[in-house]
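Q: Starting from the known structure of chain S, arrange chain G with the ligands on it as the hints suggest.
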Amino acid sequence: MVKNSDTPSAPTPPPVAASPLPQSPAVAARFAALHARPVILEAEHLTCEFDSERGRVTALRDINVRIHRREIVCVIGPSGCGKSTFARVIAGLQPVSAGQILVDGQPVTAPGPDRGMVFQGYTLFPWLTLAQNVRFGLDMQGRAENTADAEARQWLDLVGLGKFADSFPHQLSGGMKQRVAIARALAAGPKILLMDEPFGALDPNTRAQMQTHLMEIWRNVDITIVFITHDMDEAILLADRILVLKAHPGEVLEFLEVPVPRPRSLAQFNTPEFQATRRHLDALIHPAPSAHDPDHAPLPIIRLTQSGDDVE
Amino acid sequence: MPLLSVRREPPARYRWLLWVLAFSLPLAVWSAVSYVPWLWHPQVVVTDPGSVSWIQPGLRLERADFTKEVATAKSSGLTPPSGNPANPLYLPAPHEVGRALYTAFTTPPRLRGDKWLHESIVISIKTIFYGFILSSIFAIPLGIACGSFPALSRMTEPFVDFVRYMPAPAFGALMVAIFGIHLEPKVAIVFLGTFFTQVLITAGTVRRVDPALVEAAQTLGAKRAHLVRRVILPASLPDLYNDTRILIGCAWTYLVVAEVVGVSSGITFFINQQAKYRNFDNVYAAILIIGFIGLVTDQLLSFIGARLFGWKLTRRSRTRTFLGWLFSPRDVLYFPGKPTT
Ligand SMILES: Nc1ncnc2c1ncn2[C@@H]1O[C@H](COP(=O)(O)OP(=O)(O)OP(=O)(O)O)[C@@H](O)[C@H]1O
Ligand SMILES: [Mg+2]
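Same order as they appear, the protein sequences are chains S and G. The numbers in the first sequence follow the working numbering, run straight up by one, and end at 337. The numbers in the second sequence follow the working numbering, run straight up by one, and end at 832.
Okay, chain S solo, but in the shape it has when bound (with noise of 0.2 angstroms):
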């Protein structure tokens, strides 16, 4: 068992669980490793509400969370729960109330291609090439025209669409668009990649390819990731530690080291520890309902068919 180095020293935020899950030698031995890496994310004392017509929502209430540098981290939870809130405070694209974010120990005021970012929708410029998609980020930093092409070219060799660096997004499939949209994030050289549930329209086969690519890339490019996702055997297959919120308001209900060890192939889904992981994480999110729960409470329908005219 490792001993928790996520939990900040400053004012004493509510302790978060060591990883409860049994790790083998060697999984220990990683996360001993990823422990000693530097800090490059740092969230602290969290919060962010929104103001709304039934007034103020927390999305986000006090996240203390420290991400190391070539980390894979997959926050999971249940729906409205701050998921997409977390990565967009992330990116600088949504203001916090209070607390504060850290990047590289710089405090994150507004967006910039330090942190990248994949959206669960196609954002693909439509009116660009994919080469002068991806080029765009290099583009804004003022990079000479034919190397930036170049490289260009070479971001789409590396997700498979070299091909097409002439096509527009339109004539591609969704997941093509995710990969070029991921091209495009990780061309502009960003520490870190934060990507919102960006396979979650994809159908299961595709999706299945685009992670086994993306955790292709991740070994080969120096990028520490933040992956957003409601799908638990995306987290586990994906993630070194899983963050699982609770909603209502937004809090850390756990950071999970995930015991399944590296490399990780979809074979790994029958393997005892990703089963437990499978099982804890259900615990966590799916805990026993009960009546009171609104989520949970029968539906009140009436019988609207024939009597004698049943289906089960």
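Keep in mind that the hints were calculated from the coordinates and are not lab data. All figures in this text were calculated on a predicted structure; none of them were measured in a lab. Treat each hint with caution, since some may be false.
Taking lysine to any residue pairs in the SDA-like style, the calculated list, with each CA pair at most 25 angstroms apart, reads [stated by the list, open to error]:
no., chain 1, residue 1, chain 2, residue 2
1, G, Lys767, G, Arg590
2, S, Lys216, S, Val64
3, G, Lys606, G, Ile778
4, G, Lys767, G, Arg603
5, G, Lys803, S, Pro151
6, G, Lys803, S, Thr154
7, S, Lys216, S, Ala61
8, G, Lys617, G, Ile628
9, G, Lys803, S, Ala226
10, S, Lys188, G, Trp802
11, G, Lys565, G, Gln534
12, G, Lys617, G, Val754
13, G, Lys714, S, Asp129
14, G, Lys803, S, Ser192
15, S, Lys216, S, Gly146
16, S, Lys188, G, Lys803
17, S, Lys216, G, Arg721
18, S, Lys216, G, His717
19, G, Lys714, S, Thr172
20, G, Lys714, S, Pro138
21, G, Lys803, G, Ala503
A few chain S residues facing chain G, derived, Cβ under 7 angstroms [stated by the list, open to error]:
no., residue
22, Phe144
23, Gly146
24, Pro151
25, Trp152
26, Phe161
27, Phe193
Backbone N, C-alpha and C fix where the C-beta goes; we use that ideal spot for every residue, glycine too.
A: Chain G with the ligands alone, transformed into the frame defined by chain S:
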């Protein structure tokens, strides 16, 4: 598929037919009213006055008056007048207007100083062109700025909205006082009529740019000027182009007002003159020509737009679809997981 389906395009083979119907149906109604003697025709054109002394051939009478004359003549044993049912002068038959479409160009103006039809048209087009271009030069950048920067929009749009409700024609006298009586005040009126609406519409269109695109660009390092130039502008360009198309129509509306300001000129002057001489066929011809110019401009702009902004097309042209199908590397397009080398 049935022709009338809710929110569904009709089959391609019907589209031309529907387009032709769009014009031939109104024409058919007009022809029917003009050529079927018992449809409407409230007047009678006398061909033979008979023995009624005050009636001459060619005289137009209300049908009731004519019937009365016939009855009176008959009852006193005189030869009754005869004539053909006719529509009022202000509704010429299609073939008369058709003829006028040609003769209006070949008839010299009645008074010296009056303009030929084509000269009038040129003046009108000039007025519209200058007014609209001037308006666009100022309104589009201002609109884009307002749409991009909410602070600017809050500072500008209340005033713009306020002025927009003042009818441009109300400025007629003022414009004449400032700019004289020739082309300038007319251009100014077209400008005033278009500008304020154009600012608001442009700003609105720019505001409708998908915020996700702007945010994506921000996470790629784009800052203020780059965001506007490289994201907001290209993203809204197709819609801005369409707005411009629609606003040209708006400018034409103000043309008619503008042209009666100061020295009456252009197509409006031609129409007014012809109406004064009761050459209603020429009036219709001139109105049709305005419509025609408008339609052709619009179709031309729409054609150009479709080529300029192909990426925005939701309904792709058939040629494009075919070419896309012909040249797409299919195995990769449909099986995105396959290695692509
Ligand atoms: N712009 C906003 N204005 C008001 N309330 C907001 C806004 N954005 C988010 N919220 C609220 O904040 C909470 C968290 O939203 P968020 O989108 O981060 O959830 P999420 O975890 O991403 O959910 P999902 O899994 O459905 O994407 C929700 O209760 C939501 O209603
Ligand atoms: Mg979300």
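Q: Please write out, lowest number first, the hints stated earlier that are contradicted by the structure.
A: Checked against the structure, no hint fails, so every one of them is satisfied.
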